[in-house]
Amino acid sequence: MEEIKRHFDAVMEHILDQVKLVAEGVLQNTQRLDRIEARLDRIEERLTLLEVRVAALESRVTALEQRLGRVEQRLDQMEQRLDQLEQRLDQLEREVRELKAELERLRHELTRFQTQAEARAQELQERVDKLEATISHLRQ
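Everything in the sequence shown is counted per the UniProt record's numbering, starting at 1 for the first residue and increasing by one.
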């Protein structure tokens, strides 16, 4: 019985040593888990901050997209106005060309009329001179 008790004590001591080793392992794992948990908490805090920043950036991006949309609308309107102005300019250029052609035609016609008027005036002057000469001759 004594031998059984010694054997039991030896087995018990061995079991206690094993339990101590397991307890130390559990303690080390617990400490390791605590460190991991602390790291996860820090990561979670950083993620929360990043989420806040991302939300702020998303808000800014949305505002910029809206602003860009308004700018694009204004650009479209300006392009339409520019197209209209170009059309008006083309029309005015055509009208100016037509007016220049008409002016040139009128100048040519005026020159012709002046030449005709001068010739007619010369003829009339010659007739007046003849009539005056005839009258003067008749009076004598």
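Keep in mind the hints are simulated off the structure, nothing from the lab. Wrong hints could be hidden among the right ones.
[As the list claims (entries may be wrong)] Simulated DEER-style distance windows between Cβ atoms:
(1) L103 with E123: 50 to 60 angstroms
(2) K5 with E45: 52 to 62 angstroms
(3) L89 with T115: 46 to 56 angstroms
(4) Q31 with A10: 27 to 37 angstroms
(5) Q91 with R112: 26 to 36 angstroms
(6) L103 with D83: 25 to 35 angstroms
(7) R46 with E24: 24 to 34 angstroms
(8) E102 with E123: 43 to 53 angstroms
(9) I43 with M78: 33 to 43 angstroms
(10) I43 with K5: 21 to 31 angstroms
(11) F8 with R46: 34 to 44 angstroms
(12) E95 with A133: 37 to 47 angstroms
(13) D83 with E118: 45 to 55 angstroms
These numbers come from a predicted model, not from an experiment. For every residue, glycine included, the Cβ atom is placed at its ideal position computed from N, Cα and C.
How the hints compare with the structure:
no.	hint	verdict
1	L103 with E123: 50 to 60 angstroms	violated (30 angstroms)
2	K5 with E45: 52 to 62 angstroms	holds (58 angstroms)
3	L89 with T115: 46 to 56 angstroms	violated (39 angstroms)
4	Q31 with A10: 27 to 37 angstroms	holds (31 angstroms)
5	Q91 with R112: 26 to 36 angstroms	holds (31 angstroms)
6	L103 with D83: 25 to 35 angstroms	holds (30 angstroms)
7	R46 with E24: 24 to 34 angstroms	holds (33 angstroms)
8	E102 with E123: 43 to 53 angstroms	violated (31 angstroms)
9	I43 with M78: 33 to 43 angstroms	violated (50 angstroms)
10	I43 with K5: 21 to 31 angstroms	violated (55 angstroms)
11	F8 with R46: 34 to 44 angstroms	violated (55 angstroms)
12	E95 with A133: 37 to 47 angstroms	violated (55 angstroms)
13	D83 with E118: 45 to 55 angstroms	holds (52 angstroms)
Checked against the numbered hints above, the structure violates hints 1, 3, 8, 9, 10, 11, 12; every other hint is satisfied.
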